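K.L.:
Please take these sequences and the hints and turn them into a complete structure.
Protein chains in written order, with full-length UniProt numbering: chain U, 1 to 461; chain S, 1 to 461; chain B, 1 to 461.
Because the hints were derived from the structure by calculation, they are not lab data. Here the structure is a predicted model, which means the values were calculated and not measured. Possibly wrong hints are sitting among the right ones.
Any copy will do: because identical chains look the same in the list, a pair fits if it lies in one copy or spans two.
As the list claims (entries may be wrong) - Computed list of lysine-lysine pairs in DSSO-like fashion (alpha-carbon distance at most 27 angstroms, straight line): (1) Lys-109 / Lys-444; (2) Lys-444 / Lys-232; (3) Lys-434 / Lys-60; (4) Lys-385 / Lys-109; (5) Lys-444 / Lys-73.
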Amino acid sequence: MNKNSSNKMALAPNTSNKRETVCIFGTGDFGRALGHKMIQSGYPVVFGSRSAQTSSLIPKDAEVLSHAEAAQKAAIIIIAVQRQHYNFLTPLAEILHGKVLVDVSNNLKINQYPESNAEYLAQLVPGAKVVKAFNTVSAWALQSGTLDASRQVFVCGDDMEAKQMVMDIVRALGLTPLDKGSLLAAQEIENYPLQLFPMWKFPILLSLGLTAFFFFYCLIRDVIYPYVYENKDFSFFIAISIPNRICPILALILLALVYLPGVLAAVIQLYRGTKYRRFPDWLDKWMLCRKQLGLVALAFASLHVLYTLVIPIRSFVRWRISSRIVSQALNNKTEPLNTTNAWLSDSYLALGILGFFLFVLLGITSLPSVSNNVNWREFRFVQSKLGYLTLILCTAHTLVYGGNRFLSPSSYRWYLPNAYMLSLIVPCIVLVAKFVLIFPCLDKPLTQIRQGWERKPQYSE
Amino acid sequence: MNKNSSNKMALAPNTSNKRETVCIFGTGDFGRALGHKMIQSGYPVVFGSRSAQTSSLIPKDAEVLSHAEAAQKAAIIIIAVQRQHYNFLTPLAEILHGKVLVDVSNNLKINQYPESNAEYLAQLVPGAKVVKAFNTVSAWALQSGTLDASRQVFVCGDDMEAKQMVMDIVRALGLTPLDKGSLLAAQEIENYPLQLFPMWKFPILLSLGLTAFFFFYCLIRDVIYPYVYENKDFSFFIAISIPNRICPILALILLALVYLPGVLAAVIQLYRGTKYRRFPDWLDKWMLCRKQLGLVALAFASLHVLYTLVIPIRSFVRWRISSRIVSQALNNKTEPLNTTNAWLSDSYLALGILGFFLFVLLGITSLPSVSNNVNWREFRFVQSKLGYLTLILCTAHTLVYGGNRFLSPSSYRWYLPNAYMLSLIVPCIVLVAKFVLIFPCLDKPLTQIRQGWERKPQYSE
Amino acid sequence: MNKNSSNKMALAPNTSNKRETVCIFGTGDFGRALGHKMIQSGYPVVFGSRSAQTSSLIPKDAEVLSHAEAAQKAAIIIIAVQRQHYNFLTPLAEILHGKVLVDVSNNLKINQYPESNAEYLAQLVPGAKVVKAFNTVSAWALQSGTLDASRQVFVCGDDMEAKQMVMDIVRALGLTPLDKGSLLAAQEIENYPLQLFPMWKFPILLSLGLTAFFFFYCLIRDVIYPYVYENKDFSFFIAISIPNRICPILALILLALVYLPGVLAAVIQLYRGTKYRRFPDWLDKWMLCRKQLGLVALAFASLHVLYTLVIPIRSFVRWRISSRIVSQALNNKTEPLNTTNAWLSDSYLALGILGFFLFVLLGITSLPSVSNNVNWREFRFVQSKLGYLTLILCTAHTLVYGGNRFLSPSSYRWYLPNAYMLSLIVPCIVLVAKFVLIFPCLDKPLTQIRQGWERKPQYSE
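P.N.:
Spelled out as structure tokens, the structure:
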């Protein structure tokens, strides 16, 4: 929150002396925006342009010269042109010798070129010190001053001193430089702004698919069935009742899917007798998005909690309860307390509360700033021990919720079992498999394999 | 959490050899506290003082010498005196030549002097390498060892090596140095500890004002009106019922105010036909505190959720429900299920739950550690797409809540409409304006303008 | 979340040229895992081994040579052997002169040796530049590529350039280096991965003890007493009712224990008349784990909220309410609204909601990434002002909950007061003491003492 104010500070006039001139090649939108911002932060700016005539769009305090003249005025030259036009720099090689060239370019596709733009630039002008920076910042954000998004600017380059100079400019503009090492990191830095939640695609598609399936499943059982057989209109179940069936089911299945790949990996390693062979590709990808799967599961669990807690203020529920009480009063009978029911109801709620509580704890520890403060041993403890405890509690919650309804024939409409029964399949498999893997006769060889031991060492050669 | 323990580690005796002597000018409270801490961390400490006689307050293991003698014993000299007394350093210029001077001073007001204290120090002793550091740490925190607050120490300076030396000391004391670049950053670093949530002032004042207005509005409608006309004492509404009206109203209005400046900015840019003119000052400031406005709105939304969920355990609500059921039973009639009401009630709750859920997601992505892991494209996607979806859901939640009461005369007491109707004005304006701006005839020129195109380029020259 | 993908990037073939050869001494599990990962990231790897014969486990693309031959091929040598075997390096001292030696070792116990492994290594090979790194990464995580835990690699060393080289390798492997300063930090870095939530031990043990005590206390009062005297089976209270008594009690007591040490410290300082004497050890430790105490208290408060909100959907509660309504209907009487009860019920709920809301705010500001964005003044404001307000609200919540039951004889079963009465003792002591300390006659000298003033300065010499 204070970052914004620090930004304002940097614009204060008293910091406007002493800065060294910066040259910008290219008078396109990004070059102009960067120039504007630099002038505001007290840097004298010189634009290098083909035409060398002042365009009306260029900030007034900036000079516009030919490329060669502009380059001679500054030690740092920002190359704000597109990669396709980089070859205009070749004739300038002599003037650019020893200068710091800042590559700010982005591509349109991930891994568009065999080498990164910055590395290509370094090849074109071998005498210059190339630094990659600023590509993650948008011209619009620079201009409007409303940098609410990440203020991190990734910087990489082979020359330490050149990198320091660029990082100082980044700081002066009110942004936070992050040193990503040598110029080899440029490819990664150039790919970064093109991603849109890459790790989230699979978990979200999977949960959308499952949501659609369970929605129609519940629609058939809970809305269409009573309409056909009892001619009752329960279409309003679509708003809360059915979502409150889907959410816990998805939360449970997705949570189990977080722990399934670990179990599969253990089985594969036990079967192969070595850890030195790569897992199948799908398993690798699955393992990489476990955190995202878990967070989507947590989202569904949170929705389930909210949907459950509003139950008593639903108009339908109030009607059902009051009509039941009225009929009791009219029939002049009072029900005694059914202790078994009280036990079932309370323990199923308690298990759900504890499971959700641990689930939220898991979610909090997966926040970047929290997991950075936790060492490997602590992280393993939380994610593995607490994670399995959460899975056990949530599965138990569902089992107790089922209670004595599992075998009741009324649970099967059109031979379709209650949806929650389907949700128990995956978690039960995971828990049983994990339970089996804990036995010493399996746990011991697995530990040995993970420490590097091999059953049949011949094939790895 | 492990930071605390790392602090303990640094005090362990086995690290107490090898450190280089540090000199501290000034035996005031902060100088002594820093000296204490450095001795604990294994640094030999020499105090430079006017009187050169050991005071009882100075740590026992430290030497106290004259300024000149003390300065000669160390490569790093911490200037723990106030800016007004810096001129005693001028005669020492020769001895201080080449030394690292650490400016730890703070001011009483933001931007108190034209240049920062550290820059002033650098002017006074031109031969020394001035580094700004430690000004964000309090003497009390250093002394008591309970550094629960931020352990970040901002460091800036023009000499890389001097900065590294100071950063090593910072680390040795169990704190985290943060390189803020050259000495130009000193002004900002000196202003930093004087701020008290500067970006939060406007959102909090605004919400306090709106809260007061809506409190009295609801008091008149819900407590005074029934007291005057029906002689009923509903004063206890002040505890929950009225807050539960105010909270959702403020959440909705503030959320709409987050998106209003963006719409205004687009209108201004379309009207002006350029992006190269600054927005009016109030709009700039408004845009800078959108995140804070959103978070205050989220706080009100969370309170609304809590207030709503306790409804069924309120004594008044239980009484109302039971007396309604008893009267039904006594009148010997059972109400049939009103499907329309069930639909309205359920869909209004479902919209609220989904809106709140997305709102919490927005809040989580605004956590610094999360938004740092998100690139510009992803941030835009979350804050703009998800943000508008949240606004739409919350507005729909309020509209459906109103349901068929909008035109009912009972909603107007003393010609005052229900408070929630007032809350709909701003969000509806924002949504309609945004909807209009999406039309290609407006969206296209706007995109062009934001890419640097100008309708009347003459004026900018 | 993007970190994972950046990891994938680093494995792309186009970055596999240009890297400098790295030598690894030791072909154990960690050495091999690191070698695998480095080869994947494009580093030519040479293993130095006693036997110098290729083992089947060693990555195929790596060479295996004798120690001396391998060392000559690379500027960076990773020492992946255990500390006990370091003495094989002494005869190689000449070859290792000027090389960068990376110590990756860990110990089995905290502070196992008088000096850290890295410092021991630096003593053994005085001509080499020793850098400590990689000890916080596990071989299993490196191999499986699923580095979901912290990607931070702590790096320390006395030679800046050597440290930079190692940090570049760390970045190339997709990890985040964190410069911890000179080699003196090695001890702390080596202790780090051995910790398991050291600051949480005391708060968790304390809360487990208190939980056990209050569980049996409530069991006697709420389950055994009615069973003995009224022969009623309320054993199902164990699931929700009793936890929902224990949770608020523990939340309140632990929250008060967060503020008690501050009050005690003030009293001790006032009594001693100085701040220059260390607090007793137990008070120091207590103060260091206040954050953890507060977070455990918040966990209990959250559970209390969840347990409370499910009350209306508990089977027992529904039965109790409906049987009460039925008996009212059968007795043909309607209760009038009891305004006092409505006031008590609503204000107790409202106090609880506000208290919990502030408590959650306190918890959010204690997230590392948030507290890092807050300066000392802001942190003090939140933790002290908001903290005390939370304590006041929560204590008031409990007092109003008690309402007029404090003196009712039915509250005392077997002479045991209601459990919530016990929970009020500590918070009331803290609030009264704090209230007394605010009086100017005590606040003034305390402020002076904290600014360094002493009542009897003689003893400190």
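K.L.:
Check the structure against each numbered hint from earlier and tell me which ones fail, lowest number first.
P.N.:
The structure conflicts with hints 2, 3 and 5, although it agrees with all the remaining ones.
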